Structure formats: structure tokens, C-alpha cells
Amino acid sequence: MIGLLLCLPAALILGLGFVWPVLLLARISFNRTTDMGAMEQAWTLDTYAKIVTDDFTWDLAWNTVTLSAGCAAAAVALALPVTLLIRSADPRWRGLLALLAVAPLLVSGTARVVGWMAILGDQGMINALLTGLGIASDPVRLINNLTGVRIGLTESLMPYCCLVLIAGLSRLDSRLEEAAATLGATRSRTFLRVTLPLAAPALLAAFLLAFVLGVSAFVTPRLMGGGRVFVVATEIFDMALETVDWPAAAALAMLLLGALVLAMVLRGVTAGREAPR
Amino acid sequence: MRRTLLAAVASLALALPASAQDGGRMTLQAYAGIFRDNYTQTVVAPFTAARGTAVQYFDGGTSAQMLGALRAQRADPQIDVVIMDVTTAAIACAEGLVEKIDASTLPVIADVDEQGRQAGGECGPAVTYDHLVMVYDSRAVTPAPTSLAAMWAPEHRGRVALSAPPNIQGLALTAILAHANGGNWRNLNAAMPRLRELAPSVQTFDPNPDGYTLILNDQVRFATGWNARAQLYSDQSQGRIGVTLPQEGTVFQINTINLVANAKNRAQGLAFMAHALSPEAQAAFTERMFYGPTNSRAQVSAAALSRTALAPEFRSRVIPLDWSEMVRLRDSWNQRWRREVIAAASR
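Protein sequence lines, in the order shown, are assigned to chains A and B. Following UniProt numbering, the numbering of the first sequence begins with 1 at its first residue and continues without gaps. Following UniProt numbering, the numbering of the second sequence begins with 1 at its first residue and continues without gaps.
Quick caveat, the hints were computed from the structure, so don't treat them as lab data. Check each hint, because a few of them may be wrong.
Stated by the list, open to error - So these bits of chain B aren't anywhere near chain A, every CB distance computed over 12 Å: (1) Ala50; (2) Ile101; (3) Asp102; (4) Ser104; (5) Ser138; (6) Val141; (7) Thr146; (8) Gly182; (9) Pro193; (10) Arg196; (11) Glu197; (12) Arg315.
Claimed, not checked - Computed footprint of chain B on chain A; a stretch qualifies when at least three of its residues, placed anywhere within it, have a C-beta under 8 Å from a C-beta of chain B: (13) 192-203; (14) 222-228; (15) 236-247.
Quick caveat, the model's predicted, so the values are computed rather than measured. Quick reminder that beta carbons are idealized off the backbone N, C-alpha and C, glycines included.
Using the sequences and the hints given, assemble the complete structure.
And the structure:
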């Protein structure tokens with residue numbers, strides 16, 4: 001009973017700040033938009049039907065999933081060595097190193113994207129280096145395209161992966177690795193046959209978190225895509241704030257939310273089956 | 001303690017501007033940034049000084065965001081007057097978010113030119129005219145270009161920033177090219193070949209934060225923009241940003257001024273609208289920010305008028321685009337841009 005009471009404030013905040021707005025969004029998604037853009041109160045599935053039957057929606061979904069999955073995998077791959085380094089460091093320094101790994105989260109995501117735009121732009125540090133060393137005669141296009149979005153999104157997801165992996169790997173029993181070494185396994189073999197399998201649940205959790213964040217990412221594709229990278233979040237923005245088609249924006253947002261919830265539920269069911277009994 | 005509190009309250013009351021006590025107050029929702037700065041100085045402040053009405057200026061962001069605020073506040077409006085672009089205002093009018101209004105309620109409407117009266121339909125009339133221009137880096141592009149064709153020049157490949165549809169600048173550019181290549185702004189097929197040719201030269205189809213900044217940062221040499229802001233940024237950059245009304249023509253971007261339905265301060269709102277549409281306020285804002293006046297009686301200097309599309313030498317270049325018709329074409333144009341123009345730029 002006390003436990004339930006203690007949960008009440010959080011439940012109220014969640015209800016008012018998430019559930020209620022989502023219900024409002026769901027309601028708007030059943031409205032109708034007239035030819036000239038006005039929103040009419042209705043209970044219709046027309047907007048959903050239009051979205052689902054539009055080829056461009058499926059292109060968007062494919063773009064979003066492949067971009068997020070690729071960037072999530074890259075972020076996990078880059079975060080893993082950092083986390084292993086932190087794990088093997090002197091315990092006195094682990095806290096500080098962990099803080100450094102997640103320090104980018106202390107800076108606003110938009111500010112980091114703007115920083116990347118300055119670094120990767122035609123007049124930026126990378127292009128100055130490439131042209132200065134004679135590697136490229138003209139600036140290489142690193143922003144306003146998919147490359148820029150991949151770089152920015154991977155960097156923005158990395159700290160989250162570090163957080164999950166630091167927590168996950170800290171629970172690994174280092175005596176298992178010591179035992180492998182005692183039995184003659186090389187460091188790489190120990191890593192591949194002992195550390196990595198033990199870290200798999202943490203790696204999967206980090207990937208899932210990064211994937212979900214990537215699917216709903218808006219700032220990076222918008223600011224670094226140069227209008228060439230179309231993902232679900234940027235399309236929702238355009239529908240809501242350029243064409244003012246709120247029912248379409250709401251319906252697409254609900255479909256995205258539904259897909260993510262379904263993915264998480266499936267993951268939960270799979271994890272439940274895999275769990276040792 | 002009680003005496004201290006009373007003294008504090010009395011001081012606060014004295015500190016309030018007299019205007020807030022005499023002529024009531026009202027809330028205006030309009031664009032932020034340099035629009036707000038200049039509109040406050042040339043239109044809002046004189047109104048407050050003359051009537052004693054305190055005006056709270058609420059930064060509305062884009063017109064779509066302002067529409068969002070109006071929709072959210074439908075049951076309890078916190079805004080009295082809103083300035084927004086004509087297509088979004090038409091939506092607000094159709095949804096009953098702003099009042100239908102005519103010269104019997106607001107006599108100054110009779111002085112608004114015919115286009116300005118028609119633009120607002122049954123709701124608020126046009127309050128400013130702006131138009132699409134080409135902006136360029138005057139240091140890198142010489143001689144000053146007079147035609148949009150300059151953006152197609154091979155030496156500027158990769159140095160062009162365009163706003164693709166559904167952004168209205170992209171729609172406006174497409175309409176201008178369609179008109180220039182066949183005389184009918186609605187004929188998208190006439191514009192598409194030219195846009196596909198230009199696509200590889202385009203560095204970004206979504207300039208952030210805007211084309212002017214990208215030019216000043218040496219990122220691009222050409223962009224499209226709206227005249228009023230372009231003229232102001234040109235002055236602020238000591239001419240680094242050049243502004244051209246292209247010989248292919250231009251289209252108006254019209255802002256209308258509207259009274260919010262069930263406004264709490266309706267009388268003050270109407271008074272403000274009358275002031276904003278008056279010849280004096282219209283002329284003052286044109287002199288400051290180069291938006292074309294909609295009041296036909298506004299007396300604007302020749303120097304300021306020459307930097308608007310209402311100058312006699314430019315009037316013939318204005319293509320009579322009907323934005324309410326454009327709204328119906330927007331989705332198909334957007335799709336064609338994505339499939340044929342942006343895709344061509346990505347190859």
C-alpha cells in the first residue's frame with residue numbers, strides 16, 4: 001500500500017505529462033483536413049488510410065529504421081572500447097572517466113549539432129585539414145547529406161550507450177576472465193569467448209535504447225540533413241508546422257509510437273523466454 | 001511587515017506605465033526577432049503612446065505555430081490580435097479562430113488596397129506585403145545578378161541554398177520558374193526541368209538557420225529570401241548580402257492582421273488593428289523594414305518604396321499568385337520535388 005502511494009506522484013506526472021497528451025494526439029489523428037488546410041472535427045480513419053497507402057510513408061519508415069539501426073550499432077561499437085577502458089582503469093579514476101564518457105549529455109543536443117556543423121562544414125576543421133594536406137582539392141561534403149546525419153546521430157547516441165554499458169559491464173565477474181587467462185587464453189580470445197558473450201545482454205540493451213532514440217531523433221536529421229534526409233520525425237514536423245496538417249502529423253506520430261511500443265513488447269517477450277528459469 | 005508590503009504594492013503600481021492604467025491592455029501575437037524589434041518601435045510604441053493601451057507582444061514563431069496557439073486557446077483565448085501569413089490566416093478564419101470583419105467594424109479597411117482586402121477574405125485584411133528575392137554574396141558574385149539564372153552557373157555549383165517545399169519559399173520559387181517558362185505559375189511541368197538542372201548545385205534544401213547566415217559564413221553564395229528581411233540584413237552587413245528582385249518575376253507573401261474570436265480585449269484589439277492599418281503606421285513600418293504598405297493612402301518615401309515590390313519599376317514583375325489555390329497544389333508539388341529534384345541532387 002505504501003509502495004503504491006509512493007508511486008502516485010510519478011504516476012500523476014506521467015498521466016498528465018505523457019498519457020493525456022498522447023490521448024489528445026490520438027483524438028486529433030481521427031480529425032479531417034479540408035482541401036484548403038482547415039481541420040474539421042471528425043471520427044475518421046481516412047488520414048491513416050492515406051498514410052498507410054502512400055509509398056513515401058514506407059520509404060520514410062525504411063530510411064528511419066536503417067538510419068537508426070546503423071547509427072545505434074556504430075554507437076554501441078564505439079562505446080564498447082571506452083567502457084572496457086573505464087572498467088579496467090584504476091578504481092580511483094573510474095568515476096571521473098565515466099563522467100567524461102557521458103559529459104556530452106551535459107551539453108544541449110542542438111548545441112552539439114551546431115558544433116558538428118562548424119567542424120564538418122566546407123570551412124570547418126576537417127575540410128581545412130583535408131585541403132591543407134592536399135588530400136582533397138575541394139571541400140568534401142560532410143554535412144547537408146546522409147553522411148553528416150550518420151556522424152551526428154552516432155555521436156549523440158554514444159553517451160547513452162556508454163551509460164548502459166558501464167552499468168551492464170560493472171556487474172561482470174572479472175574472475176571469469178582471470179580464469180580464462182590462467183587456462184592459457186590470449187587476451188583477444190578471452191575477450192571474444194568470455195567478455196563479449198557475458199556482455200551481450202548489456203550490448204543489446206544499449207543497442208535497443210540507442211535505436212529507439214534514433215528512430216525519434218529530429219534535431220540531427222533536420223539540421224545536418226540539408227533537406228535531403230527524410231525520416232519519420234522530420235516528416236511529422238513538416239506536417240505539423242509547414243503544411244499545418246495536424247491530423248496527418250498526429251496519425252504518423254501515433255503509428256510511430258505504436259511501432260516502437262510493439263518493438264519493445266516483442267523484445268520484452270523474447271527476453272522473458274530467454275531468461276534462465 | 002504589513003506596512004512594508006503595502007509600500008511595495010504601491011511602488012509597483014507607480015512603476016507601471018501610465019498607459020497600462022489608462023487605456024487597458026491587449027496581447028498581440030506576431031513574428032519574433034527583427035520583425036518584433038522593428039514593429040514594436042514603429043507601430044506598437046506609437047499606439048501605446050497615443051492611446052495609453054499597453055500591448056503585450058507575444059512571440060509567435062512561424063504562422064503555423066501561431067495557428068497552433070490559437071487552436072490550443074480556442075476555449076479561453078489569451079491573444080487579442082494576430083499577424084500571420086495569408087494561407088494560415090485563411091485556415092484560422094475557416095476554423096472560426098479569428099473574427100470575420102469588414103469596413104463597418106473597422107472603417108480603415110476601406111483604405112486598404114483591393115488586393116489587401118481580398119487577401120483576407122471575410123477575416124482580417126492584409127497588413128504587409130513582402131516578396132521573394134534572390135540573395136547573394138556580393139563579394140563572390142560580380143557583377144550583381146539580375147536573373148535567377150545566375151544560380152545555374154557552373155562556377156557556383158554546390159554554393160546554392162534553397163528552401164524546398166512544403167516551405168513557401170520553395171513553392172514561390174517553383175511558381176516563378178513555371179511562370180517564366182510558359183506564362184502559367186500553376187504549370188509545374190514547366191518548372192521541373194529547370195529545377196532538376198539546378199539540383200546538383202544545391203548545397204542544402206533546408207538552410208539553417210537561414211540563407212543570409214550561410215552567405216555571411218561563406219557556406220553558400222546564393223539563396224532565396226523574403227525581401228524585407230533581406231533588405232535589412234543587406235544594410236546590417238554593409239552590402240555583403242546583395243538583394244535582387246529577379247527579372248523572371250516575384251510573388252507576394254502577404255501577412256494579414258486578425259482579431260481573435262472571443263478576444264478578451266476586443267475593443268483594444270480593434271483599435272490596434274485600426275492603428276496598424278493606418279497610413280502613418282504603414283508608412284513608418286515600410287520606411288524601417290521595407291515591407292510594402294497595404295494602405296493605399298500611406299505616404300512612403302521614394303527611397304523606401306524602391307526597395308519594395310510596389311515600386312513602379314517592379315510592379316509589372318509581380319506574378320498574381322493565388323495562395324489559396326497554391327494550398328491545393330502544395331502536396332503534389334512537394335512530392336514531385338522530393339522525387340525529381342532532391343533525389344536528383346542526391347545522386
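Among all the numbered hints in the text so far, which are the ones the structure does not match?
13
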